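Number of protein chains: 2
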Amino acid sequence: MDNIKNEMIIKNVSVLRHNGELQDADIVIEDGKIGFVGRVVGGNVLDGHIKDLKIIDGKGKLAIPGLVNAHTHASMTLLRSFADDKKLMDWLQEDIWPIEAKMKREDIYCGAALAAVEMIRTGTTAFADMYGPYMDEVAKVVEESGLRGVLSRGLIGVADGYKKLAENVELFKNFHNKADGRIKVMFGPHAIYTCPPDYLKKVSEAATELGAEIHIHMNETIDEINGCLKDYGKRPFEVVNETGLFDLGTLAAHCVHLSEEEVNIIKEKNIRVAHNPGSNMKLASGIAPITKLINEGVIVALGTDGASSNNNLDMLEEVKLAALLHKVDTLDPLAIPAAEALRLGTDNGAKALGLEKVGRIEKDYKADIVLYDMKGVEWQPRYNPISLLVYSANSNSVDTVIVDGKILMEKRELKTLDEEKIIFNFNKCFNRLTGYYI
Amino acid sequence: MDNIKNEMIIKNVSVLRHNGELQDADIVIEDGKIGFVGRVVGGNVLDGHIKDLKIIDGKGKLAIPGLVNAHTHASMTLLRSFADDKKLMDWLQEDIWPIEAKMKREDIYCGAALAAVEMIRTGTTAFADMYGPYMDEVAKVVEESGLRGVLSRGLIGVADGYKKLAENVELFKNFHNKADGRIKVMFGPHAIYTCPPDYLKKVSEAATELGAEIHIHMNETIDEINGCLKDYGKRPFEVVNETGLFDLGTLAAHCVHLSEEEVNIIKEKNIRVAHNPGSNMKLASGIAPITKLINEGVIVALGTDGASSNNNLDMLEEVKLAALLHKVDTLDPLAIPAAEALRLGTDNGAKALGLEKVGRIEKDYKADIVLYDMKGVEWQPRYNPISLLVYSANSNSVDTVIVDGKILMEKRELKTLDEEKIIFNFNKCFNRLTGYYI
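Those protein sequence lines, which keep their order, are chains X and A. All residue numbers for the first sequence refer to the numbering used here, where the first residue is 52 and numbers rise by one. All residue numbers for the second sequence refer to the numbering used here, where the first residue is 52 and numbers rise by one.
Hints in this document: simulated from the structure, not taken from any laboratory. Please read these numbers as outputs of a predicted model, since none were measured by experiment. Virtual Cβ for every residue (Gly too), placed ideally from N, Cα, C. Errors might be hidden in some of the hints.
So, partial list: chain X residues that the calculated Cβ filter (under 10 angstroms) puts toward chain A [stated by the list, open to error]:
| no. | residue |
| --- | --- |
| 1 | F87 |
| 2 | V92 |
| 3 | R131 |
| 4 | F133 |
| 5 | Q144 |
| 6 | E145 |
| 7 | I147 |
| 8 | L364 |
| 9 | A389 |
| 10 | N445 |
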């Protein structure tokens with residue numbers, strides 16, 4: 052080990068390995084990737100040998116792969132708590148849509164910037180975002196923050212659908228694989244109830260031409276299914292499948308209400324599911340059949356959905372909710388144990404977003420790592436840190452966040468973003484949009 | 052207002068009033084009680100007039116009544132994360148009971164002391180505890196910490212039942228209404244499957260003689276109901292009702308599976324229900340019919356259950372889970388809105404524990420108050436703080452905790468307990484009990 056060129060070493064940390072086991076080890080990071088996990092021989096000697104070696108003391112800390120938020124609308128932080136405890140359509144029509152119609156370029160930036168602060172503080176290192184217009188502002192936030200972002204322009208076919216589709220094409224051309232590869236662009240047809248099949252065919256053609264994947268809402272509510280049955284005589288997965296959209300690689304959010312036939316389509320087309328337990332519970336959408344999907348071999352990841360229907364972007368809460376909700380739903384206390392819940396929020400998240408070599412702390416994987424400080428009472432006794440993380444701790448134990456080998460937060464201090472300025476500008480936007488002074 | 056003798060004033064704080072509305076106000080605390088909520092005229096002049104007046108700056112803070120944990124087993128913090136993701140009976144027989152059998156006096160103290168730190172840090176000001184033996188050690192922790200505690204000796208009729216009953220009598224005689232009235236003692240018959248009806252009759256007689264109330268587990272699992280039907284040909288509430296136990300005033304934990312007849316017994320006997328959503332989810336016990344009970348006028352409070360089946364004592368998580376779980380269970384997004392969820396965790400908690408003039412920030416109520424600091428990103432935009440507290444924030448925003456007008460934590464610094472020493476002694480106990488070195 053003596054002559055390697057290290058950029059960073061995290062020493063004496065408890066590492067969650069991909070097999071679900073913990074290992075006391077050192078993590079060596081080289082060129083933004085994980086070079087080695089294990090005991091660095093002569094570790095103390097190493098310190099002096101390499102110039103600019105960053106050493107992080109991992110003692111009393113737990114290292115997990117960065118959390119991946121597989122479905123969100125980052126700029127909706129602007130609408131957090133603006134209208135809660137309402138019915139979905141009342142909420143959209145009376146509160147959300149009128150404000151969204153007023154959103155300008157700067158609002159999208161300021162909302163996403165606040166979201167980035169929140170994601171870093173809660174241990175998220177990558178997110179799949181669907182919103183619009185001005186998604187290039189979200190791309191800017193990804194670039195500045197150091198996060199990974201999988202961005203899509205939300206496409207509503209029934210209103211200026213082709214203009215929006217052109218914006219998604221533009222977004223792809225300008226930002227796909229940019230920011231050192233940390234940005235990826237998908238196409239974002241919103242849902243079957245806002246995108247008729249003919250429009251979905253056009254989206255499919257445009258995405259095929261660019262080799263882009265798809266991010267779409269599917270089967271979130273019973274009303275959506277019933278509307279689709281009424282309009283097309285078939286269920287949503289069946290209608291969308293016939294448009295060719297699912298041939299491109301698909302990240303499907305929600306998937307709460309599924310027929311056997313639809314589960315088969317998900318399996319056949321290798322559709323990755325973004326499960327949003329907090330949002331599904333809060334909006335009373337229903338409980339997605341997650342244990343069934345997992346048993347069928349489907350890749351299930353976790354998302355927060357937008358902050359106006361959650362109401363935060365804290366992925367550890369989703370991990371916990373997934374572990375708890377499906378136990379009580381299936382009446383099986385062994386359903387989704389702690390390590391599996393974490394895997395949904397990390398490795399499966401990366402797979403769902405189509406990110407290669409992301410989501411594990413293993414050699415050659417990208418160095419997207421979160422360190423939790425285990426000193427609080429909620430970590431005592433420190434018998435099973437994985438269980439403690441999922442069932443007892445919260446995200447205020449996030450100490451350090453690393454993406455692509457770059458430190459975004461260290462000892463809870465942000466390194467890439469100016470939190471105070473972001474909060475100030477964010478509230479200016481909220482004030483202008485709503486007339487409400489914070 | 053000029054001549055009153057104040058002990059403390061919290062200035063310019065957002066106060067959650069009992070009607071569920073927020074008010075920007077000052078809170079004046081006199082002799083451990085809330086003397087006034089509103090604008091203190093000439094507030095700045097007041098500062099110099101009264102000697103030893105403690106002034107707390109409430110700007111940017113939210114004041115709610117202290118959270119009440121209506122069902123826990125405090126010293127079980129010692130077994131946190133010791134055995135998770137197992138079936139209930141495997142968990143008890145293989146892991147929990149063998150360790151509990153080894154617990155000594157000091158373990159009960161050290162476990163409860165750690166629990167007290169955790170409760171204060173997460174904004175809990177009162178708790179209902181059932182464990183044993185050595186419940187006088189928990190009383191000592193209540194006394195030292197400044198918390199309110201409603202303590203009961205867990206009574207297992209089938210093993211040394213009468214010795215345990217005598218200990219509960221002793222506990223009542225020595226500690227009921229002690230610690231400036233902050234300790235209350237109940238009788239703690241564990242459950243129908245551990246306490247045969249004849250034994251419950253004896254418990255009832257002993258409690259009646261002392262005027263004590265009852266804390267009992269009821270209808271937690273389907274197995275419990277089926278066992279009771281097999282043993283007695285009736286359901287648990289029916290069997291227990293015939294023993295006279297419910298005539299004393301009862302705090303019944305869980306109540307997950309209830310027949311119509313049992314709901315009627317709960318109503319007739321004014322039984323208060325401690326709902327434990329986190330524990331019920333994690334142990335896959337089922338979803339209690341909470342919205343139905345609330346609609347029927349039953350007092351429903353919230354509890355964490357022991358830290359080995361939750362795995363923490365964070366009541367804000369239970370408030371959030373109650374708000375989310377019953378929305379999705381009833382498919383009604385209007386079920387248990389944020390302010391109601393908080394009411395379950397505060398005012399209803401106090402009622403469930405039989406605490407008079409506790410659970411509201413209103414004149415003449417005891418000054419049990421929690422201040423949340425709303426500066427974090429998860430509180431932005433600060434449009435609806437009640438909604439933000441329940442759906443977005445977590446307990447790391449707890450800034451200051453006051454019980455009986457005494458400050459237990461200020462700016463996250465504990466005032467009554469030595470956290471470092473408590474963690475050290477706690478881990479010594481865990482080490483001795485389990486042979487596992489932390």
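Tested hints:
1. A hinted interface residue such as F87 (chain X) counts as satisfied when its beta carbon comes closer than 10 angstroms to some beta carbon of chain A; here the least separation is about 28 angstroms, so the hint is violated.
2. Interface restraint check: V92 (chain X) against chain A, minimum CB-CB distance 25 angstroms, threshold 10 angstroms, status violated.
3. A cut of 10 angstroms between beta carbons decides the hint on R131 (chain X): the least distance to chain A is about 6 angstroms, and the hint holds.
4. A hinted interface residue such as F133 (chain X) counts as satisfied when its beta carbon comes closer than 10 angstroms to some beta carbon of chain A; here the least separation is about 5 angstroms, so the hint holds.
5. Given hint, Q144 (chain X) at the interface with chain A, is violated; its Cβ is 14 angstroms from that chain's nearest Cβ, farther than 10 angstroms.
6. Against a cut-off of 10 angstroms between C-beta atoms, the interface hint on E145 (chain X) is violated, since the closest Cβ of chain A lies about 14 angstroms away.
7. Evaluation of the I147 (chain X) hint against chain A yields a violated restraint, the C-beta minimum of about 13 angstroms exceeding 10 angstroms.
8. Interface restraint check for L364 (chain X): the shortest CB-CB distance to chain A comes to about 8 angstroms, inside 10 angstroms, so the restraint holds.
9. Hint status for A389 (chain X): holds, given a least beta-carbon distance of 6 angstroms to chain A, under 10 angstroms.
10. Interface restraint check for N445 (chain X): the shortest CB-CB distance to chain A comes to about 5 angstroms, inside 10 angstroms, so the restraint holds.
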